[in-house]
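**Student:** Residue numbers (this note's numbering), protein chains in the order written: chain A, 6 to 161; chain B, 6 to 161; chain C, 6 to 161.
Treat the hints with caution; some may be incorrect.
Any copy will do: because identical chains look the same in the list, a pair fits if it lies in one copy or spans two.
Stated by the list, open to error - The list that follows gives simulated cross-link-like pairs (lysine to aspartate or glutamate, EDC-like), each with its CA atoms no further than 16 Å apart:
hint, residue 1, residue 2
1, K14, D161
2, K28, E126
3, K14, D95
4, K58, D113
5, K28, E130
6, K8, E71
7, K88, D26
8, K12, D95
9, K12, E71
10, K8, D115
11, K22, E90
12, K88, E70
13, K22, E126
14, K88, E10
15, K22, D66
16, K28, D122
17, K88, D122
18, K28, D115
19, K14, D122
20, K22, D115
21, K14, D26
22, K28, D113
23, K96, E10
24, K88, E71
25, K12, E126
I should point out that these hints are in silico values taken from the structure, not numbers from a laboratory.
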Amino acid sequence: MTKIEAKLKQMGYELPKVPMDMKYWARCKRAGNLIFMGTTGPWPIVNKTVKGKLQGVIGKDVTVEEAKFTCKMSALSILAALKNELGDLDKIDKIVKLEIYLNGPSGDADPYVAIADAASELFIELFGENGRATRTVTPNLTNIVAELDMVVSVRD
Amino acid sequence: MTKIEAKLKQMGYELPKVPMDMKYWARCKRAGNLIFMGTTGPWPIVNKTVKGKLQGVIGKDVTVEEAKFTCKMSALSILAALKNELGDLDKIDKIVKLEIYLNGPSGDADPYVAIADAASELFIELFGENGRATRTVTPNLTNIVAELDMVVSVRD
Amino acid sequence: MTKIEAKLKQMGYELPKVPMDMKYWARCKRAGNLIFMGTTGPWPIVNKTVKGKLQGVIGKDVTVEEAKFTCKMSALSILAALKNELGDLDKIDKIVKLEIYLNGPSGDADPYVAIADAASELFIELFGENGRATRTVTPNLTNIVAELDMVVSVRD
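Just chain A, same shape as in the assembly (with noise of 0.2 Å):
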């Protein structure tokens, strides 16, 4: 097992089962040193009771506390999906930019900033300085409490 999927582990976190044979887009795209995903949302995770609502509109359906949950769950599918495309998650050098999509209504920061920030802390506790991404959180468009994507370079 490789160093980050052991850490990974040792986190108590496993990987989902996330597709990646849709038939319009791709999870992945690959240009030079650097990988474009595709927008993902949060896939059951095996083993885990999932605590977080999928869909729900923040603040109404959903608490601060579920769509936190919710987010990591995305952030473990994006991490599924890049496995996925690389064999191997020690081949990612860094998150170069993350981009958290979440359901409600425009409003006071704070409670969005909370939910992005679990998808955030994850990826900083598996990668360090490199997992802390520049990010940007704005609406979703569809009743998925959190959903994501990134863009990544790996290394050569």
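Mind docking chains B and C on chain A? Use the hints.
**Tutor:** Below, chains B and C alone, put in the same frame as chain A:
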């Protein structure tokens, strides 16, 4: 005529005229082998009846079928902008990222996915696997039904 | 003083102090010659009366004129973040992509374009054609009037 444009013609499409001389922003900006693009809306296609509606809220003023057509118009418009920049669409290596902005309320993903697929289908028919981009579908700020931008890589 | 900063001063602007030590995200992340940036809001400009409103809905709590000023504040703030990262703004080759997040309801494009232009105008006055970036204007999730992020290329 180049291969991609011949294929486009064979598919029954032609490229609309898209203005390239905006004072405050650019349609294309190149960095290395990547071309980043500005958001491009649906420009009218000569000799075609415009079946899509340009403005309105999806699901209220505009049906999903109409929005699919508008999304395809934006796809053709952004190809026109790329041709203007590159001279020849055969220089495109692949579409790395496709961002689609739809004017509709937060809700069920299915109709929005169907609308986005209309643009993706066109790119895949044209470029094969190289047209199957990573994709993000987010809310539009303006009342234009469907707009898009993308990142493409070009051949040296 | 470097050329770009001298020009900025000559234009009557100064750079605000922008925090760079966020725990969970980074303002800048470099990959090759590209710098991706995190979303940056309007930081107060020393010695200037803040004429823009920081929070509120455009068209309801905030006029277009006020939002233009706020958008310009965010433009100066992101330049401050870049200076902090690069040491010297003369290292910027060009602004490749500019993403602007505005807090307003979906609607007529004209006022939003005018607000976004306030940031673009500043970058173009400063960097010429290299400041005329590709541009996306989308809804903000938070109640901050205008925020922005960008991708820039830097000289070797």
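**Student:** Each of the hints needs a verdict: does it hold here or not?
**Tutor:** Evaluated hints:
Neither within a single protomer nor between protomers do K14 and D161 lie at most 16 Å apart by alpha-carbon distance, with minima of 26 Å and 40 Å respectively. In this assembly of identical chains, K28 and E126 lie within 16 Å of each other by CA distance solely across copies; the values are 9 Å between and 32 Å within a copy. In this homomeric assembly, K14 and D95 come within 16 Å of each other (Cα to Cα) only inside a single copy, at 14 Å, whereas the closest approach across copies is 45 Å. In this assembly of identical chains, the alpha carbons of K58 and D113 lie at most 16 Å apart only when taken from different copies (15 Å versus 21 Å within one copy).
In this homomeric assembly, K28 and E130 come within 16 Å of each other (Cα to Cα) only across copies, at 12 Å, whereas the closest approach inside a single copy is 34 Å. In this assembly of identical chains, the alpha carbons of K8 and E71 never lie at most 16 Å apart, being 30 Å within a copy and 50 Å across copies at closest. Only within a single protomer do K88 and D26 lie at most 16 Å apart by alpha-carbon distance; the minimum there is 15 Å, versus 30 Å between protomers. Taking the shortest alpha-carbon separations for K12 and D95, only the intra-copy value of 11 Å comes in at or below 16 Å, while the best inter-copy value is 41 Å.
For the homomeric pair K12 and E71, neither the shortest alpha-carbon distance inside one copy (24 Å) nor that between copies (49 Å) is at most 16 Å. Neither within a single protomer nor between protomers do K8 and D115 lie at most 16 Å apart by alpha-carbon distance, with minima of 34 Å and 38 Å respectively. Taking identical chains as interchangeable, the C-alpha atoms of K22 and E90 lie at most 16 Å apart only when both belong to the same chain, with a minimum of 13 Å there against 38 Å between chains. Neither within a single protomer nor between protomers do K88 and E70 lie at most 16 Å apart by alpha-carbon distance, with minima of 27 Å and 37 Å respectively.
In this assembly of identical chains, the alpha carbons of K22 and E126 never lie at most 16 Å apart, being 22 Å within a copy and 26 Å across copies at closest. For the identical chains of this complex, K88 and E10 are intra-copy neighbours only, at 9 Å inside a copy versus 36 Å across copies, given an alpha-carbon limit of 16 Å. Taking identical chains as interchangeable, the C-alpha atoms of K22 and D66 are never at most 16 Å apart, the minima being 26 Å within one chain and 38 Å between chains. For the identical chains of this complex, K28 and D122 are inter-copy neighbours only, at 9 Å across copies versus 32 Å inside a copy, given an alpha-carbon limit of 16 Å.
With identical chains, the CA atoms of K88 and D122 are never at most 16 Å apart, being 22 Å at best within one copy and 26 Å at best between copies. When the C-alpha separation of K28 and D115 is checked against a cutoff of 16 Å, the pair qualifies only between copies, where the shortest distance is 15 Å, while the shortest distance within a copy is 37 Å. Neither within a single protomer nor between protomers do K14 and D122 lie at most 16 Å apart by alpha-carbon distance, with minima of 20 Å and 36 Å respectively. Taking the shortest alpha-carbon separations for K22 and D115, neither the intra-copy value of 31 Å nor the inter-copy value of 21 Å comes in at or below 16 Å.
When the C-alpha separation of K14 and D26 is checked against a cutoff of 16 Å, the pair qualifies neither within a copy, at 26 Å, nor between copies, at 29 Å. Within a single copy, K28 and D113 get their C-alpha atoms no closer than 38 Å, and across copies no closer than 20 Å, so neither meets the 16 Å cut-off. Proximity of K96 to E10 under the C-alpha cut-off of 16 Å is restricted to the intra-copy arrangement: shortest distance 11 Å within a copy versus 38 Å between copies. Proximity of K88 and E71 under a CA criterion of 16 Å is satisfied in neither setting, with 26 Å inside one chain copy and 38 Å between copies.
In this assembly of identical chains, K12 and E126 lie within 16 Å of each other by CA distance solely inside one copy; the values are 14 Å within and 40 Å between copies.
Of the numbered hints listed earlier, those contradicted by the structure are 1, 6, 9, 10, 12, 13, 15, 17, 19, 20, 21, 22, 24.
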